[in-house]
Amino acid sequence: MSGRMTQGRRKSGGTDEKRLPKAVKHETEQLKRIEEMPLTASVKQNMEMCKKELGESPDIIYRELELNNGDNTPILLIYVQGMIDDERMNEFVIQPLHRDRYDVESQAQDMTMLKWMEKKLLATGIAVEVKDWKLIYQKLFLGYCIIMVEGVARAIAANVVGGPRRGIEEPKTEMVIRGPREGFTESVRANTAMLRRKIRSPRLWMEQVTIGDLTQTPVSFMYIKGLAGEDVIDDLRERLKSIEIDGILESGYIEELIGDQKWTPFPTVMSNERPDVIAANLLEGRVAVLVDGTPFVLVVPATLNVFFQSAEDYYQRFDIATFLRLLRFVSFFIALLMPSVYVAIIGYHQEMIPTQLLLKLAAQREGVPFPAYLEAFIMELVFEILREAVVRMPSAAGNTISIVGGLVIGQSVVEAGIVSPAVVIVVSFTAIASFVSPNYSLGIAARLLRFFLLLAASTLGFYGIALVTLFILLHLSNIRSFGVPYMTPFAPFVGPDLKDTFVRAPLWLMKERPQRIKSDNKVRQQVDPELRKEPGQ
Amino acid sequence: MIANRIRAWVQRAGVGGGGGLARLICVICMLLLLSGCWDLRYLDKLGVVYAVGIDPDPSGKQELQLTVQVVLPQNVASESKGSGGGPTVTTFTETGDTVFEAIRKMSTKTSRRLFFSHTQMLIISEAMARRGVYPLVDLIERNPDIRTDMQIALTRGTSARKLLQTTTQMESIPVNQLREMIEVNEEAYATNYATYVKDITRLAGKGGEQGVIPSLRIEGDKSAGNKADNITSIPAEAVPSLASMGVLKDGKLVGFLTSKQSRGLAWLKDKVKNTVVKVACPESEGYLTVEVQNAKRLYKVKQSGDGKPIIEAELLLTGGIQEIMCPGVKVMEESVLEQIGELASQTVKSEAEEAIRVLQKDIRSDALGWGKEIYMHKPSLWKRVEAEWDTEFSSVQSNIRCKTKISSSGIRSESIVE
Chain A
1 MSGRMTQGRR
11 KSGGTDEKRL
21 PKAVKHETEQ
31 LKRIEEMPLT
41 ASVKQNMEMC
51 KKELGESPDI
61 IYRELELNNG
71 DNTPILLIYV
81 QGMIDDERMN
91 EFVIQPLHRD
101 RYDVESQAQD
111 MTMLKWMEKK
121 LLATGIAVEV
131 KDWKLIYQKL
141 FLGYCIIMVE
151 GVARAIAANV
161 VGGPRRGIEE
171 PKTEMVIRGP
181 REGFTESVRA
191 NTAMLRRKIR
201 SPRLWMEQVT
211 IGDLTQTPVS
221 FMYIKGLAGE
231 DVIDDLRERL
241 KSIEIDGILE
251 SGYIEELIGD
261 QKWTPFPTVM
271 SNERPDVIAA
281 NLLEGRVAVL
291 VDGTPFVLVV
301 PATLNVFFQS
311 AEDYYQRFDI
321 ATFLRLLRFV
331 SFFIALLMPS
341 VYVAIIGYHQ
351 EMIPTQLLLK
361 LAAQREGVPF
371 PAYLEAFIME
381 LVFEILREAV
391 VRMPSAAGNT
401 ISIVGGLVIG
411 QSVVEAGIVS
421 PAVVIVVSFT
431 AIASFVSPNY
441 SLGIAARLLR
451 FFLLLAASTL
461 GFYGIALVTL
471 FILLHLSNIR
481 SFGVPYMTPF
491 APFVGPDLKD
501 TFVRAPLWLM
511 KERPQRIKSD
521 NKVRQQVDPE
531 LRKEPGQ
Chain B
1 MIANRIRAWV
11 QRAGVGGGGG
21 LARLICVICM
31 LLLLSGCWDL
41 RYLDKLGVVY
51 AVGIDPDPSG
61 KQELQLTVQV
71 VLPQNVASES
81 KGSGGGPTVT
91 TFTETGDTVF
101 EAIRKMSTKT
111 SRRLFFSHTQ
121 MLIISEAMAR
131 RGVYPLVDLI
141 ERNPDIRTDM
151 QIALTRGTSA
161 RKLLQTTTQM
171 ESIPVNQLRE
181 MIEVNEEAYA
191 TNYATYVKDI
201 TRLAGKGGEQ
211 GVIPSLRIEG
221 DKSAGNKADN
231 ITSIPAEAVP
241 SLASMGVLKD
251 GKLVGFLTSK
261 QSRGLAWLKD
271 KVKNTVVKVA
281 CPESEGYLTV
291 EVQNAKRLYK
301 VKQSGDGKPI
311 IEAELLLTGG
321 IQEIMCPGVK
331 VMEESVLEQI
341 GELASQTVKS
351 EAEEAIRVLQ
361 KDIRSDALGW
371 GKEIYMHKPS
381 LWKRVEAEWD
391 TEFSSVQSNI
401 RCKTKISSSG
411 IRSESIVE
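Chains as they are written, first to last, in this note's numbering: chain A, 1 to 537; chain B, 1 to 418.
Don't take each hint at face value.
Short, incomplete list of chain B residues facing chain A, as computed with Cβ under 7 Å [said to hold, decoys possible]:
no., residue
1, Leu40
2, Val70
3, Gln74
4, Val331
Calculated from the structure, these hints are not laboratory results. Each residue gets a CB set at the ideal place from its N, CA and C atoms; glycine is no exception.
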């Protein structure tokens with residue numbers, strides 16, 4: 001699907017047009033032609049046109065009615081089966097239209113037929129007048145019902161959106177022991193409502209764009225007016241609008257297309273499926289991007305530090321949270337460095353191990369056919385394969401995999417003397433440490449970089465590790481997320497912000513919002529009187 | 001960012017095309033592998049040397065005979081699994097005119113490269129030490145791979161080779177037994193204290209302090225020491241044991257102290273951590289034991305009327321009575337404790353004075369570091385005596401004061417002996 005993507009974030013259409021594949025170009029042109037076509041006043045003609053454009057798809061229902069107003073005015077309802085709520089459709093759209101007799105008096109003379117329908121007849125929450133096919137299709141595939149009336153070259157789109165949706169469940173990622181159990185769903189509207197339920201402030205503002213030439217995916221972004229930096233919002237709006245792609249199926253698309261840095265394993269946009277986490281980030285002055293069709297909501301700007309914060313850090317006592325936070329940082333470094341340090345020590349720096357340990361390791365290495373670095377590399381690879389297999393496996397087969405992986409690879413390989421036990425210990429410990437990271441995307445970055453470090457360690461020892469680590473550090477200092485340096489608050493150093501990094505300071509100490517996320521309002525406690533005002537005052 | 005720069009560079013260099021960056025990365029990766037790990041050492045291809053022993057060449061043709069004790073890791077590991085897999089160490093012996101020559105000559109006998117980074121101990125035989133220790137430790141100081149914090153010990157009445165070949169019961173690796181023996185003795189009785197190679201090589205500063213090295217001997221049947229039978233009998237037929245401290249002068253061994261004198265030296269060098277002092281009971285036959293738990297030595301340097309240095313040492317001890325083997329000691333009375341403290345002080349003082357006497361009159365070596373004390377306390381005085389320090393040392397007057405505070409008498413009050 002991504003192969004048919006037109007290039008994202010395109011600035012000027014002229015030069016890039018030539019580089020588009022032919023099929024896409026054709027498609028786009030056809031779409032444009034339809035959209036530009038006007039509605040006719042004839043219901044029959046409109047239906048024919050629509051049927052032709054939509055290829056007689058059987059799930060698109062054309063319901064023809066006649067209004068009992070004496071003239072028997074033909075009416076056409078168009079909707080997509082499955083995307084509407086049938087009951088609501090019957091009750092609030094068809095029934096009002098289908099009444100035995102209309103009191104013609106009530107049809108005020110100064111109102112057009114369409115206005116009369118919209119204002120007096122239809123009982124749905126949203127009913128808007130639409131004039132062109134582009135808007136009609138957009139509404140139609142959102143689950144609206146399109147109502148056309150003979151003799152009027154316009155239509156009404158009535159909201160009867162429905163159909164099966166997944167309910168609110170406990171999120172599968174970033175589970176907490178203490179904290180709210182709800183997670184986002186695939187519906188963007190339900191998700192924005194969930195955030196509204198957390199932050200009941202008129203200052204919680206939302207904007208919406210539709211992205212994807214074919215998928216027409218609604219993408220909303222939310223922020224707290226007066227907290228989020230205006231330049232971040234403008235920047236985000238700009239970036240979202242410049243996306244030109246055929247489809248958005250998950251927020252990952254957006255993440256990749258709006259990220260500052262294209263060449264980095266580190267995530268510059270945070271994603272999370274917990275409303276409480278997103279709400280907390282909004283309160284710190286960040287902006288949330290909600291994409292229809294995925295429970296994963298994006299947050300910008302995201303600095304490295306954010307990926308070490310877990311929701312539970314703030315629900316537990318600060319001392320415990322600090323301990324866990326430190327543990328997470330340590331685990332990250334273990335996940336990143338342990339195999340390479342092992343290989344470097346075994347291959348180059350034997351003098352650095354305590355003597356007793358050296359003897360144990362040397363004894364284990366007796367008779368192992370592979371050099372240590374190859375051994376570590378193979379085992380790391382095997383583990384990654386195992387992990388990938390378990391993730392993609394149907395859950396019924398998961399047990400088999402863990403038995404095969406754990407017993408066969410962990411034990412038999414060692415007993416057969418093909419791999420030394422120390423490597424198995426190192427690899428498994430690394431694996432466990434890499435699961436500690438609360439944010440999956442940072443864990444993946446560590447997984448990837450581990451192999452580079454391993455390569456460097458096996459050729460250059462500690463020197464190689466130092467080189468690659470330095471390179472990573474340089475890279476980290478070089479990237480930005482929506483104008484905010486990624487390593488904030490370490491580099492650039494922002495002293496007050498360190499309260500929520502390696503440690504999680506008590507809440508009564510964190511009186512200010514993080515300074516470097518370009519927030520326009522810093523004070524967190526002793527709420528600023530500005531915030532109490534109604535917007536627009 | 002950097003990738004972009006590389007790509008720009010690639011394009012400028014004319015490699016061009018979309019595959020340019022990928023190609024460049026490939027080349028870099030290959031270069032990494034081609035560099036070839038020049039100092040990669042496989043752990044399982046190393047012979048870990050645990051101890052080095054130096055004797056004079058018995059044939060007399062060459063300067064020295066070097067013995068290394070190499071660990072056999074496979075046997076160390078199998079031992080913990082419970083199956084006896086042969087000796088945990090083995091030794092190799094080779095002669096040479098220099099230490100390094102002898103080490104490299106051993107490659108005619110070893111299947112693995114000898115690895116000295118984990119060497120725990122350097123054992124120098126008495127005869128070799130009399131010829132001079134400094135030339136033997138130069139390699140250890142100079143070579144970046146060898147640690148200078150390895151212990152150094154002398155042999156007494158045996159050769160370093162014999163000592164390294166003796167099997168031990170408490171530790172499966174013999175050197176561990178030797179090394180830890182010295183440490184345990186230092187911490188519990190203080191008749192010997194550990195000396196490291198770096199201590200010997202770093203004495204060359206102002207003050208002319210002389211080194212002291214603990215010594216080891218073999219008790220029992222020396223010829224049986226290297227057999228596995230040695231450790232299957234109870235007790236072992238040959239047991240390495242600690243003797244006393246040997247004193248160097250200008251890097252050459254000049255004499256040994258007795259155990260008592262060694263402890264006297266330890267008091268004055270502030271090396272005592274914990275020890276026991278035996279004291280005759282004040283009013284009856286028999287002895288009681290004072291355990292010294294804390295000892296502190298303070299030096300003062302004074303000048304006599306004729307411009308000679310006088311060393312004043314103060315020993316402050318804290319201890320407890322741990323054993324009373326005589327009747328009539330009323331430890332519940334403060335005055336009795338004070339009396340016992342006084343008696344212990346006298347014993348300690350006499351030990352220290354005996355050590356001073358031997359070092360000044362018999363051995364004539366400033367192993368006490370008094371030269372350094374004078375240099376530090378009274379530099380002007382040191383300037384005057386520096387040239388003649390060798391002879392001057394013997395006539396330096398000293399004044400030892402000792403105070404012992406008895407802080408406890410154990411968990412029993414009166415003695416059971418009546």
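Evaluation of the provided hints:
1. Leu40: Result: holds, 5 Å to nearest chain A Cβ.
2. Val70: Violated - the Cβ of Val70/B stays beyond 7 Å from chain A, reaching only about 11 Å at its closest.
3. Gln74: Where the cut-off is 7 Å and the nearest Cβ of chain A is about 5 Å from Gln74/B, the hint holds.
4. Val331: Violated, about 44 Å.
Of the numbered hints stated above, those contradicted by the structure are hints 2, 4, listed in ascending order.
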